[in-house]
Amino acid sequence: QKEVEQNSGPLSVPEGAIASLNCTYSDRVSQSFFWYRQYSGKSPELIMSIYSNGDKEDGRFTAQLNKASQYVSLLIRDSQPSDSATYLCAFDNQAGTALIFGKGTTLSVSS
Amino acid sequence: KAGVTQTPRYLIKTRGQQVTLSCSPISGHRSVSWYQQTPGQGLQFLFEYFSETQRNKGNFPGRFSGRQFSNSRSEMNVSTLELGDSALYLCASSLAGGPSEQYFGPGTRLTVT
Chain X
67 QKEVEQNSGP LSVPEGAIAS LNCTYSDRVS QSFFWYRQYS GKSPELIMSI YSNGDKEDGR
127 FTAQLNKASQ YVSLLIRDSQ PSDSATYLCA FDNQAGTALI FGKGTTLSVS S
Chain P
49 KAGVTQTPRY LIKTRGQQVT LSCSPISGHR SVSWYQQTPG QGLQFLFEYF SETQRNKGNF
109 PGRFSGRQFS NSRSEMNVST LELGDSALYL CASSLAGGPS EQYFGPGTRL TVT
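Here the protein sequences line up with chains X and P, keeping their order.
Residues 67 to 177, numbered by our numbering, are exactly what the first sequence covers, in order.
Residues 49 to 161, numbered by our numbering, are exactly what the second sequence covers, in order.
Derived from the structure by calculation, the hints contain no laboratory data.
Incorrect hints may appear among the rest.
Under the rule of at most 25 Å between Cα atoms (straight-line distance), these lysine-lysine pairs were calculated in the DSS-like manner [as the list claims (entries may be wrong)]: (1) 169/X x 105/P; (2) 61/P x 108/X; (3) 122/X x 169/X.
Listed below are several chain X residues computed to face chain P (Cβ distance under 10 Å; list not exhaustive) [as the list claims (entries may be wrong)]: (4) 76; (5) 90; (6) 102; (7) 108; (8) 118; (9) 163; (10) 166; (11) 167; (12) 169; (13) 170; (14) 174.
We put the CB at the ideal spot given by N, CA and C, even for glycine.
Working from the sequences, and respecting the hints, build out all of it.
Shown next, in the form of structure tokens:
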């Protein structure tokens, strides 16, 4: 059974701080990893994809992947109240035809 | 480019009825995936279609079915509705299917009474 583990939170950080979100996965074959942001009452929005080991930066967001440790993380620098949302990590199944999602970490950024 | 559209946005049905949900992917995207989201189970994969063929199916009963048309639009059908089918049903499209980036529609909120 392929699984994704995320700390459900809530993770609370002050405005301007770095928020660190973590995810572990069980399937060593997975090649593709994604971070989605979901605001309350809305659908998930893709914010980062990462396919190879190391870091990938996009604006205030940095995704980090370590396939040997089966670990992916998302760092949000200079956190803003508008970043308050649930963050879902996902990875592809072995056939590459489905995404397996974690249950999400709720982030709260206080001003 | 227009995003993924889903209709209807909200539905209220009674137990035993059936329902059909529709999804139009982003123009040029050929893969459509369907997910069910509930507070307890999170986002769970239902099935994925690519070029009118179902390539993968999640662990859901046969009451859940789908199809894809030649224009890549997809429909999902749930027969003999149960209270536990109340959920947000999300469709996501991607360019070529597989692990490529998926973009979600706004979802259909189904309530079964």
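Hint check results:
| no. | hint | result |
| --- | --- | --- |
| 1 | 169/X x 105/P | 20 Å, holds |
| 2 | 61/P x 108/X | 22 Å, holds |
| 3 | 122/X x 169/X | 23 Å, holds |
| 4 | 76 | 15 Å, violated |
| 5 | 90 | 15 Å, violated |
| 6 | 102 | 8 Å, holds |
| 7 | 108 | 7 Å, holds |
| 8 | 118 | 13 Å, violated |
| 9 | 163 | 4 Å, holds |
| 10 | 166 | 7 Å, holds |
| 11 | 167 | 4 Å, holds |
| 12 | 169 | 4 Å, holds |
| 13 | 170 | 7 Å, holds |
| 14 | 174 | 18 Å, violated |
Of the numbered hints listed earlier, those contradicted by the structure are 4, 5, 8, 14.
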